[in-house]
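Asks: On the provided structure of chain E, position chain Z as indicated by the hints.
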Amino acid sequence: MQKETFLLPIIDIENLGLDAGAHLLIKYGLREIPPGGQLRVVGSSPGWEAQLSAWCRAQGHDVSMLQQDGHLVATVIRGDADTGRWHSALHAGRSNAELTGAVADKALSSWGLAARGATVEAGAPDIHFRLNRKDEIWADTAAVLYAQAVTAQWNPSTAIDWNEPFDLPAVVEDAVAQLMTYLIENEVAALVVPARFLGQLHPHFREIQALLAIQVADEARHIEVFTRRLHLKGREPALSTAGGQASLKTLLDESDFSVAGFLLSVLGEGTFVSLLNFLHVHAPDPVTRQIARLTARDEARHVAFGMSHLLWRLQQEPQFRTRLANAVQSRNDALANTAGLNEEVFDALILIAAGKFTPQAIAAGYIRVQQLIVDMAEGRRIRLERLGFEKEDALHLAALHTRNFM
Amino acid sequence: MVKPLLMGAVAYAPKVVTIWEGFKEYFRRHDFEFDYILYSNYERQVEAQFDGSIDLAWNSPLAWVRADRMARARNLEAHALAMRDTDRDLSSVLVVRSDSRAGTTGELSALAGQVIGFGALDSPQANLIPRDHLRNRGLLAGRDYTAQRFDELGGKHGDHIGGERAAALALMAGEIGAVWMIDGNYLAFSREGILPAGATRIVARSGSYDHCNFTAISGISAASGEMAARFTELLLAMNWQNTQVRPLLELEGLKAWLPGRTSGYDLLIRAVDDEKFYDAEGNIFATDYRY
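Keeping their order, the protein sequence lines are chains E and Z. When you line the first sequence up against our numbering, it's residues 1 to 406, in that order. When you line the second sequence up against our numbering, it's residues 407 to 697, in that order.
Isolated chain E (complex conformation) (with noise of 0.2 Å):
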C-alpha cells in the first residue's frame, strides 16, 4: 500500500473512497511525518480528490494536486491541529497500580471520568470528587480483594437449598423472624455506608471503586437472603428499635472514610462476622445454617478491606490511631442514652441458639449466646492490637463498642 517514490512518501487509496474508510490509511500515513511534512496521495474512486480535499480542510490540513502522467496526484501539508490538541494534555498516572508513580497521591478533578492512564485532554471538564487523595482510601490488598469477592460471588437461588425440609416450634421461628429483621436492618447500614463513598470516590482508584462496588452487591445478596429466610415460614418483619437505628445512624453521619471503615468494618461487621459464625453452628434450622455461612464469608473481606486500609493509612499516619480511639469514644458516648442492643432480638438469639422452648435448651442457649458475647469483644480486642493499639487500650475500645454489635 505504502512504497517510496522519488523523496516524499505517496499512499495509494485505490478504489476506496473516503465515504468509505480511505481517510485511515490517510491519517496513519501521516502520523509517520512531522507537521509541515508532505505526504501524495492517489486513488481511484470517483470524486476522491474532492473527498480528499474536505477532509484535509476539516482536519488542518493543506492539500494541492497536479496531474502527474495523466494521474491525479495530491500533495497533502500535515497541519498541526491534530498534535495541537494534546499539547499541554493531561496524564492520569498510569493504569497498573504495580508501576511506578502509577496511583497518584492526589487525584485531579481535571482527570474526570477517564481510565486511570489516559491522556486527557487539556480543557475537559472539572468532574469533583470529594474523596481523592489516596492517603484517605487507599489499600494495596484492594485490587486482591476484589478478584477474590469476584470468584466467590454465589447466586442465593442455587447456593441455598430453600426447599431443604424443617420445621421449627412457633416461638423459634418466630425468633428467626426477629433476627432477620434486625440482620436486615445492619446490612442495609453497611450498604449505604460504602454507596455513599462510592459516588465520592475518585474513579483514579480504580481498585477502591470495584471493591466497595462489589462490597454493595454483596450486601444487596445479604437483604435478599435474609429476606427470603424471613418470608420462608411465612412470616413478615418484626421489630425496629430506636436505639438499633440510633447506632447505624452514628455510621451513616460519619463522613471521614477510614473512621467510617474502622467503625463499620472493623468493629461492626467483625463483630457480625462472630454473629454470623455462632449461626452457623448453631441456628436451629438448616437454612439459616447456609445463609450464616455464605455471608460470614463475604463479611470476613469486608473486613479485611477495612483492616488493609486501615494498616496503610496509620502507616503512613500513625497519629491517627488516636483519632479512631476518639471515634469509639465518640460514638459510646453518643449511643449513652439508648438502649443498645434491643431485648428483642437477645431473646431471639437465644431462643435460636436453644432450638426449643424448654427450660434446658434455654439454659444451654443462653450461656451460648453469653459465650457469644465474650468472643465478640474477644475479635474486636484481637483487631485492635492488629491495628497497632496497646493491650489495655485495645480491650478498653472493645469494651465501649456498640451494644448494637454493628
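Be aware that a few hints might be false.
Calculated pairs, SDA-like style, for lysine to any residue (alpha carbon to alpha carbon, straight line, at most 20 Å) [stated by the list, open to error]: (1) E/134 <-> E/312; (2) E/27 <-> Z/421; (3) E/106 <-> E/90; (4) Z/421 <-> E/125.
Example chain Z residues on the side facing chain E (calculated, C-beta under 10 Å, incomplete) [as the list claims (entries may be wrong)]: (5) 478; (6) 491; (7) 492; (8) 589; (9) 591; (10) 594; (11) 596; (12) 601; (13) 602; (14) 604; (15) 609; (16) 614; (17) 649; (18) 659; (19) 660; (20) 661.
Everything labelled a hint here was simulated from the structure, so no lab data went into it. From the three backbone atoms N, C-alpha and C, an ideal C-beta is built for every residue, glycine too.
Replies: Just chain Z now, with coordinates in the frame of chain E:
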C-alpha cells in the same frame, strides 16, 4: 463605558449563541469591548450594516456578494477582514447512486431528463453554484433536467444543512436521480450513515470557492478604523492549542482564522448574475425567495 464593536450574525442554529457568547468572553479577556446582534436572516443583516446598526457582519458568501454590491452602489468599499481556514477552496459535488447510468466526472449527459436535488434557493453551495455549473455545461433546469429544491430555513443562505440532508435521503430513497451538496457534507452524511459506504458516486465537482467572512464597510461606523484592526488581530491570535479557545473554534468549525480574501467569490458572483438572484446594486431579484 467604551462603545463596543457591534457584530451581526445570523441565528441559523442554537449553537450560535454559545459561539458568540464565548467570543465576547474571549475579547473581554483581552480588554476589547465586543457585542453581537443576532438576525434571523442574512438579508436583514446586510441591510442593517448599511443603516449603521452593526459595525461588522459575519457574512455568508452570498451576503458578502450583496454587501459588496450595495457598498459599490453607495460609493463605499466592502472589506473581508478575516475568514476561517475552512472557508477557503470549498467545492460542491454532484452525487448519484452507484447504480446510476451517469458516467464518471464530467460526463453528465446521462443525467438528462432526471430529477436533480438542490438545497435551499439561497444556498451558494447547494443551489446557486451547482446550477451555474450545470448551465455552463449546457444543462438547464426545466429543459434538460428537473430541479427539485429541498428548502430549509430561507434567508440562512444554506448554513442550515437540513436541506442538503433531506436531499441526500431522497437520493437514497430513489426519489431523485442525483443531488448536489458541499464536499464536506458528503463525508459528513457518509459518517452519519445517510450515504452508505460505496452506495454513491461523485459525478461532477464544481470549481473551488470561498465561504464566510467578517465584512466591514469602510466609511460606516467604527469597524473601518482601529477597532476593526484590533478585532482582526485578536481573532487571528486565537490558538487551537489554547484550551479556553479550542472549544469555540471547534463549534465554529475551524482550526485557525486567516486574513480575509475576496478572490474566492468569482464563481458565486457569476452564479448570482446567471440565476438572477441579486441585481448589480444588491437588490433582491429572485421572486420566489422567502426569508
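Asks: Are the hints correct? Go through all of them and say.
Replies: Consistency of the hints with the structure:
no.: 1; hint: E/134 <-> E/312; result: holds (10 Å)
no.: 2; hint: E/27 <-> Z/421; result: violated (29 Å)
no.: 3; hint: E/106 <-> E/90; result: holds (14 Å)
no.: 4; hint: Z/421 <-> E/125; result: holds (19 Å)
no.: 5; hint: 478; result: violated (30 Å)
no.: 6; hint: 491; result: holds (7 Å)
no.: 7; hint: 492; result: holds (5 Å)
no.: 8; hint: 589; result: holds (4 Å)
no.: 9; hint: 591; result: holds (8 Å)
no.: 10; hint: 594; result: holds (9 Å)
no.: 11; hint: 596; result: holds (4 Å)
no.: 12; hint: 601; result: holds (6 Å)
no.: 13; hint: 602; result: holds (9 Å)
no.: 14; hint: 604; result: holds (5 Å)
no.: 15; hint: 609; result: holds (7 Å)
no.: 16; hint: 614; result: holds (8 Å)
no.: 17; hint: 649; result: holds (3 Å)
no.: 18; hint: 659; result: holds (8 Å)
no.: 19; hint: 660; result: holds (9 Å)
no.: 20; hint: 661; result: holds (4 Å)
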